[in-house]
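Participant: Each protein sequence line maps, in turn, to chains Z and E. FYI, our numbering numbers position 99 of the first sequence as 99, with every residue one higher than the one before it. FYI, our numbering numbers position 194 of the second sequence as 194, with every residue one higher than the one before it.
Treat the hints loosely; a few may be bogus.
To be verified - Across the chosen pairs, the derived CB separations fall in these ranges:
#1 A65(Z) x E129(E): 49 to 55 Å
#2 E367(Z) x N2(E): 36 to 42 Å
#3 N301(Z) x E33(E): 56 to 62 Å
#4 P251(E) x M306(Z): 40 to 46 Å
#5 N2(E) x N21(Z): 26 to 32 Å
#6 A332(Z) x E173(E): 53 to 59 Å
#7 G240(E) x R344(Z): 48 to 54 Å
#8 K304(Z) x G281(E): 24 to 30 Å
#9 K282(E) x D239(Z): 47 to 53 Å
#10 K286(E) x E257(Z): 46 to 52 Å
#11 E363(E) x E257(Z): 34 to 40 Å
Claimed, not checked - List of simulated lysine to any residue pairs, SDA-like, C-alpha gap at most 20 Å:
#12 K347(E) x P251(Z)
#13 K57(E) x L6(Z)
#14 K16(E) x M41(Z)
#15 K347(E) x S249(Z)
#16 K3(Z) x E309(E)
#17 K278(E) x P346(E)
#18 K347(Z) x Y252(E)
#19 K347(E) x E363(E)
#20 K331(E) x P355(E)
#21 K331(E) x P346(E)
#22 K286(E) x R203(E)
#23 K16(E) x P251(Z)
#24 K256(E) x V329(Z)
#25 K294(Z) x S374(Z)
#26 K57(E) x P143(Z)
These are computed hints drawn from the structure, not numbers from a lab. Every residue, glycine too, gets a C-beta built ideally from N, C-alpha and C.
There are 2 protein chains.
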Amino acid sequence: MNKEELERLLADKKSKDLPYNHILSSMCTYPHEVAVYAHEMFIESNLGDSGLFKGTKEMEDEVIAIIGELLGNSNAYGYISTGGTESNIQAIRAIRNRRRREGLSDMNIIVPETAHFSFDKIADILSIEVRKAKVDHQLRVDPESVKELMDERTICIVGIAGTTEFGQVDPIEALSEIAEDSGIFLHVDAAFGGFVIPFLADRDKYKFDFTLEGVSSISIDPHKMGMSTIPAGCILFRDGSYLKELAVSTPYLTIKEQYSLIGTRSGASVAATFAVLKYLGKDGLKTVVDKCMKLTELLVNGAKQMGIEPVIEPVMNVVTLRVHDVDAVVKALRAKGWEVSTTRSPKALRIVIMPHVNDDTIESFLEALNEVVS
Amino acid sequence: MNKEELERLLADKKSKDLPYNHILSSMCTYPHEVAVYAHEMFIESNLGDSGLFKGTKEMEDEVIAIIGELLGNSNAYGYISTGGTESNIQAIRAIRNRRRREGLSDMNIIVPETAHFSFDKIADILSIEVRKAKVDHQLRVDPESVKELMDERTICIVGIAGTTEFGQVDPIEALSEIAEDSGIFLHVDAAFGGFVIPFLADRDKYKFDFTLEGVSSISIDPHKMGMSTIPAGCILFRDGSYLKELAVSTPYLTIKEQYSLIGTRSGASVAATFAVLKYLGKDGLKTVVDKCMKLTELLVNGAKQMGIEPVIEPVMNVVTLRVHDVDAVVKALRAKGWEVSTTRSPKALRIVIMPHVNDDTIESFLEALNEVVS
């Protein structure tokens, strides 16, 4: 096949992908233009053998320090992973391996029933029991339920800072106290909320990071609200010795050990993350969140005017709406070119307001919603 | 930071990364220009939610069919992973889960002692015993040693088609017979060799793919000799029911199940893989391998003229050379700007002849080697 034929073929495939501007169901978005620029510049870089790519490795170290500082600990230890699933696996694997070395078996972890499905993968992969704690009427985990599920084989509690379905934040402060009192590892899944909460006007209501003494590790995804390229997740540990629990020795490479779940890994998306963080800085990231929150308010107010109530008042840029016959509404919206998704319990319409959304998007979407529900 | 400052900063970091033209230690290379073109075009595509990116998903399905056909089975089942480590994890996880459902515990797998270090990760992650079989004087696994290690808790045998250290191919035909006789799952790690062996002049000597009835799964990496972008691995199963062993249900996405180890995953590198395979075709891939093998011969002949013998006559584009004080030679070559690596047993100099190598590279490298060893 010659280049012209290939370009036509790729253009045809591209036309079958949905553009993000009508996608209101995803936690991904268009990467920032500086992310794309940096990604292309470092396209061949492999951090699986970081001794060959010392410039990329410097960027990773700097990114870890920047994100750590954003999360209350500029001395956190970690690396850029492929995303929230790898980060969550690695956090649980680190504490599992520590406890396994200490002789424990048949271990369990406690996650909120609102936790991301990656924790079901983790149960399977790591051969560990995942117990699901109840949530309150605001869909935050109930610390009492967590305590009831704990036993001598509980190695980790998980709190979510920005649930996938509702954008809710668990009472991490209460979980942190439980973790401190019991000496149990506390992992915070902030894959979505990590780049949102620090920039909210009422952020003090949602403490979730390393400033809470009981927090042991945090996952946060640059390829979601960090506007980096895929794959870019991040796992951070307060105590660097947990990284050692993940190490395998790597003969025939320029480095002696690898901590990552995978081997060969993209230096391009690390460069992309570095570029966004350097270019936007905290002020730029706040501007992105401010815009998303303003649009979130616009959507909720518009829905309320139609008599549609949100399941919870949005904490971040995730809106869940109570409508009759949710699946039919999703289908009718899809017929009008809109991709939204649903929550499980309570069943509701779910809309994520990512940086690709603007005033016009909300206006057109509200019109479509009005036609569909009336 | 403004764009100009960022561009300068990125250029500075880039200058600290080594260019591949002096890297002779890596199984990665510059991606093909059509891979870069396609990668950029699909930079925002997320196959973790493939219902939104149907064009990208079509490309993945087509890539699986093309690679399956290359490996003797156009009806193989699989997906594009992040690389060889994920592919190997998933193969072992699939058969582990199958046997676990059947009630087996304390399982083991048998890998050659030359297997990639990812199998040590797998032992740790999947809580499975990894037994290491002996190799013969040509560094191929000894089928008798494999048989001796097998017991009623052995769930999988692994054969390597292109060992990381020596580029050797295990006697997969003999392993296939053992697998068929015993009904045990046989996984072939062809992460490196999968895009090499089918194009060798003496390929019939190295049967390794689905044409052997006992082969259950194969891992093959487009981001190595397939000249795609990182991350692009591929796991293929003969029997699609093994994919089901990896499935977790995915509420709030456009798809119902995910088989991948990770969640959000790059559609860009799938597009890149598609582009390379379509553009080069089998003839183009063969041209790449032909060139690498010609240069491999050039290097080995040049070394022999210096009185340096290879550990084995190269099967593919990996050369291992017997020199005195290997570590000192590596250090001296590094001082001259060359990155090579070493093997463990026997300890030797290791050089990988990737597509970025040309005649001049070999000539200059031989000159440097001559200066260093004399």
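Participant: Now tell me if each hint is right for this structure.
Facilitator: Status of each hint after checking the structure:
1. A65(Z) x E129(E): 49 to 55 Å: violated, 39 Å
2. E367(Z) x N2(E): 36 to 42 Å: Given a distance of about 39 Å, which is inside 36 to 42 Å, the answer is holds.
3. N301(Z) x E33(E): 56 to 62 Å: violated, 50 Å
4. P251(E) x M306(Z): 40 to 46 Å: Cβ of P251(E) to Cβ of M306(Z): about 26 Å, so the range 40 to 46 Å is violated.
5. N2(E) x N21(Z): 26 to 32 Å: For N21(Z) against N2(E), whose Cβ atoms are near 27 Å apart, the range 26 to 32 Å holds.
6. A332(Z) x E173(E): 53 to 59 Å: holds, 57 Å
7. G240(E) x R344(Z): 48 to 54 Å: Cβ of G240(E) to Cβ of R344(Z): about 28 Å, so the range 48 to 54 Å is violated.
8. K304(Z) x G281(E): 24 to 30 Å: The hinted range 24 to 30 Å is violated for K304(Z) and G281(E), with Cβ atoms some 58 Å apart.
9. K282(E) x D239(Z): 47 to 53 Å: With a Cβ separation near 51 Å, K282(E) and D239(Z) satisfy 47 to 53 Å, so the hint holds.
10. K286(E) x E257(Z): 46 to 52 Å: violated, 37 Å
11. E363(E) x E257(Z): 34 to 40 Å: Roughly 35 Å apart at Cβ, these two residues keep to the hinted range, so it holds.
12. K347(E) x P251(Z): Cα-Cα ~11 Å, so holds.
13. K57(E) x L6(Z): At roughly 17 Å apart (the allowed maximum being 20 Å), L6(Z) and K57(E) satisfy the hint.
14. K16(E) x M41(Z): The hint holds at about 13 Å.
15. K347(E) x S249(Z): Satisfied, since the Cα-Cα distance of roughly 17 Å is no more than 20 Å.
16. K3(Z) x E309(E): violated, 43 Å
17. K278(E) x P346(E): violated, 40 Å
18. K347(Z) x Y252(E): holds, 11 Å
19. K347(E) x E363(E): Given that 20 Å is the threshold and the Cα spacing comes to 24 Å, the pair is violated.
20. K331(E) x P355(E): violated, 24 Å
21. K331(E) x P346(E): Given that 20 Å is the threshold and the Cα spacing comes to 19 Å, the pair holds.
22. K286(E) x R203(E): Since the Cα atoms of K286(E) and R203(E) sit roughly 12 Å apart, the hinted pair holds (cutoff 20 Å).
23. K16(E) x P251(Z): Violated, at roughly 23 Å.
24. K256(E) x V329(Z): holds, 19 Å
25. K294(Z) x S374(Z): violated, 26 Å
26. K57(E) x P143(Z): violated, 41 Å
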